[in-house]
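Student: As they're listed, the protein sequences go chains A, B, C and D.
The numbering of the first sequence is this note's numbering, which starts it at 21 and goes up by one.
The numbering of the second sequence is this note's numbering, which starts it at 21 and goes up by one.
The numbering of the third sequence is this note's numbering, which starts it at 214 and goes up by one.
The numbering of the fourth sequence is this note's numbering, which starts it at 214 and goes up by one.
Quick caveat, the hints were computed from the structure, so don't treat them as lab data.
It is possible that some hints are incorrect.
Claimed, not checked - Here are the computed distance ranges between Cβ atoms for each label pair: (1) A/ALA225 with B/TYR147: 53 to 63 angstroms; (2) A/ILE259 with D/ARG488: 55 to 65 angstroms; (3) D/VAL414 with C/ARG304: 35 to 45 angstroms.
In this text, a Cβ means the ideal position worked out from N, Cα and C, and glycines have one as well.
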Amino acid sequence: MTAPVIAAEELVATDDEMMMIVAARELRNGVVCFVGIGMPSTAANLARHMHAPDAVLIYESGTIGAKPTKPPLSIGDGELADTADAVVSVPEIFTYWLQAGRIDVGFLGAAQLDKYGNINSTVVGDYDHPKVRLPGAGGAPEIAGSAGEIFLMLRQNNRAFVEKVDFLTSVGNAEGGDSRQRMGMRGKGPSVVITDIGVLRADPASGEFVLTALHEGKTIDDAKAATGWDLRISDHVEITAPATDEELRKLRALKAGEL
Amino acid sequence: MTAPVIAAEELVATDDEMMMIVAARELRNGVVCFVGIGMPSTAANLARHMHAPDAVLIYESGTIGAKPTKPPLSIGDGELADTADAVVSVPEIFTYWLQAGRIDVGFLGAAQLDKYGNINSTVVGDYDHPKVRLPGAGGAPEIAGSAGEIFLMLRQNNRAFVEKVDFLTSVGNAEGGDSRQRMGMRGKGPSVVITDIGVLRADPASGEFVLTALHEGKTIDDAKAATGWDLRISDHVEITAPATDEELRKLRALKAGEL
Amino acid sequence: MANITTLSDAIATHVRDGQTLALEGFTHLIPNAAAHEIIRQGRKHLTLVRMTPDVTYDQLIGAGCADKLIFSWGGNPGVGSLHRFRDAVERDYPHHLEIEEHSHAGMATRYVAGASGLPFGMLRGYVGTDLLKYTPNISTVTCPFTGEELAAVPALTPDVGIIHAQQADRHGNVGLWGIQGVQKEAVMASKASIVTVEEIVDELDSRVTVTLPSWVISSVAVVPRGAHPSYAHGYYERDNDFYIGWDSISKDRDSFDAWIDRHIHQTSDYAEHLRLVDQEEGVLA
Amino acid sequence: MANITTLSDAIATHVRDGQTLALEGFTHLIPNAAAHEIIRQGRKHLTLVRMTPDVTYDQLIGAGCADKLIFSWGGNPGVGSLHRFRDAVERDYPHHLEIEEHSHAGMATRYVAGASGLPFGMLRGYVGTDLLKYTPNISTVTCPFTGEELAAVPALTPDVGIIHAQQADRHGNVGLWGIQGVQKEAVMASKASIVTVEEIVDELDSRVTVTLPSWVISSVAVVPRGAHPSYAHGYYERDNDFYIGWDSISKDRDSFDAWIDRHIHQTSDYAEHLRLVDQEEGVLA
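So here's chain A without its partners, still in its complex pose (with noise of 0.2 angstroms):
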């Protein structure tokens, strides 16, 4: 009678596995999402196996529609291309698609985040004498600005949700209020930060993001321990429904290229 047993300890959720388990709630059916590699990637195709088998993923390689059997290692993987509705070259991913406005969700991941989703992605300390080079904008910039809504996934501690960030790689809720609006963005911004911990959505007027929901076993000041600003709490925080074994064995099966 072992087995049993091994197999319900296999069905506990990672830290990491509940935040992608998460994530991928989040992208509903039909959605046209761009895709950035990693986490976010691996969320997005999880969900395309579970209640969005219609999303439509692009990466910024130029694959639009692009349904891989495994977690890309590269944003340009052969699979990407194989198995995608429609190959375009990496300007046109750029202009036709993303710039023209035709991205309902942009999926992206970070190294710093403040409490309004501005990004870092380029450099720990200084720019001229940086502590840590990290690679830089990439496509998030322009995701961030075009893409109808941005959806963040990143693991939280004090290091990544900072005050102020380093560098602004990727514009945000700017400062708040409406200041994104005014600077002529034409998507919305970010609406929802996916993390370890649990799920920060943005006020609606503010702009700041609030802790909505933790992940069973985590508490609001494990939250506030790992946020470098001072975390709003929601009146009413819900408690992450926790990951059904569909989810799980499908997450695994797809990191291990078994779907």
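Since the structure of chain A is already known, use the hints to place chains B, C and D on it.
Tutor: Coordinates of chains B, C and D only, in the frame set by chain A:
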């Protein structure tokens, strides 16, 4: 012995044939030529079958390196795509190829022409109440601006060869002198006009077209009578070499789709 | 996702009097069946956009559907004039036709700007031409790095973009190949779009070089030979005889009216018109 | 017409110290063999342009070939940091590296402008970002029709554009398929260009979606597996183990130098390097 006699009769070039043969001779082997439909296209394809097998013919329909076996009726005949090295979109042909300065020769016709090689293909008469509404600009203004040089071919008569064009559709040598260069045009403009009477070449200093050659049987008086401005005559007017049997046979075979 | 429907339904759903329409197809894949259906449904006061208004727009203009034409080359390719277009411009028949005239490069730039979500596009063009005198919406922009001045033209964003393609799959993803013109740009610049196709297939042909995903298209309708007298690469060739024959039909107002009546108003769809064309081959040649 | 020659000869002919080079390939078809040959020939003071300076530019930067980098995303895709790039930016090792940093959309726009013969390109981008503070060549342009302000970036016109493709025919016409990135634009924006190909064939594969005619290319060189550790669609897959293994090789200055010495300076061509890689598979994993 009747057969040879008929063959000999057939091998006298008509005025239009002579014009196309002389125009074909102007194209050097390896030239990259943006080809207008009609006689320029026929002349360019004749050149390809004579001395210029490596001439690259580009049509504004986006066909690059087209090798039609018969003169296309339209600028976008299927055979152009079937025989091309590459088929690109219409926006691309005008940007990456023409505007970028990759075309050696733009080969055009015209409805009206002045002594500086300025072209009208828009209206005869007043624009708002035209006597004859012509098709309009098409690709010509930017071909005339961006191709390395322009070859023109049209039948010479004083309705077409006018003192002043009714509408300036495509700029030639502008008002002469360096007026074209001062407009910031990248290509050097029209250098030769091939007609059914002879050949006119642009004076390098003034930009004015000067009669430099007459086809066999044509006279300076013919040229002057067919020109609506006071035509300058070169000090040394050459007599065009007559059409060779090979040129005429190939031109006729090309037009019959038998090449 | 594209709605797969009949051409008649697609036109009835999306095309309204007074709209701006772009029917594109550069010699190849011209959506002639869609133009017939617009005439058949009696649409009026349209602004028609097209780089090369050829026979298809000659019919729409002659039938009185258009108040304005935005274009860059209006002729019968390889044949000569468009007589209905000329009659409208030269003699205001059947009524005045406002024209807005550009070059091909300018029109292509305008479609690209529209498809890209930009308010304008720029090019090296128009300099020194009389188009600057008669076409008000040509302006300039200065390069902030070199100081060079370039021509600027406003984006085209038609209400409805209409094209013809070889194939759609059962999801409504559209594939075309051969000369591609500005069809992709016309669809993507427009607020709604209709694509007529030769056939619906399980899987798009391997020759497809342009794919328009279903979710950027409003409606897809199957119309075999829907591009005739234009052609569909891999399906049928250009009917050059029809283009030549159009010259005499369209030269005379009465013969044009009779043709429109017989071929459009008295037919229920494009297939019926095509049967007439096939019967009349001798008359047209 | 393209000159069909060896990679060694192509680099020796076209690449000079102090030039601006663009080696492009968006994850797919990265011209890694050409980068090796540039290191082998000891080129210095280069300005390197590339949207995604990954392992290939980590090698060029670590080997001291580059004075300046123009880019939009510098990482080891799916793995993490580029250690030689970081060492140059964070600690000026082996010497100071000037950087000019854009977004992907900005870089793509710059290549398109270069390929199109325009002095600049425009986009909806950069607004509100700190890139505006640190990257001097981002400006604005105002739409003459709507008054909207857009970002403007200068055209890229490298001295030499270098890409890898699947095939060339015997005339030097190049064909590629799969993810196409900005390779076409990089070639067409550059004053000279080198294309390495997997093979030369009598007729290009029917899957080819981008064809660069021979006469827009300076030199073509056959280098089988010339994109490794990147991939060539239809030929071989991405060597993800190499990218993962590169992390530890490049973390340490000495192990990097030893690797460059063994794999580039002590080999005569890319084939010899690939034989070493195949032998060392266990070491890299």
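Student: For the pair A/ILE259 and D/ARG488, does the Cβ-Cβ distance stay inside 55 to 65 angstroms?
Tutor: Given a distance of about 58 angstroms, which is inside 55 to 65 angstroms, the answer is holds.
Student: Is 53 to 63 angstroms right for how far apart the beta carbons of A/ALA225 and B/TYR147 are?
Tutor: 56 angstroms, holds
Student: Look at the Cβ atoms of D/VAL414 and C/ARG304 and judge whether their distance stays inside 35 to 45 angstroms.
Tutor: With a Cβ separation near 59 angstroms, D/VAL414 and C/ARG304 fall outside 35 to 45 angstroms, so the hint is violated.
The structure shown violates just one earlier hint, number 3.
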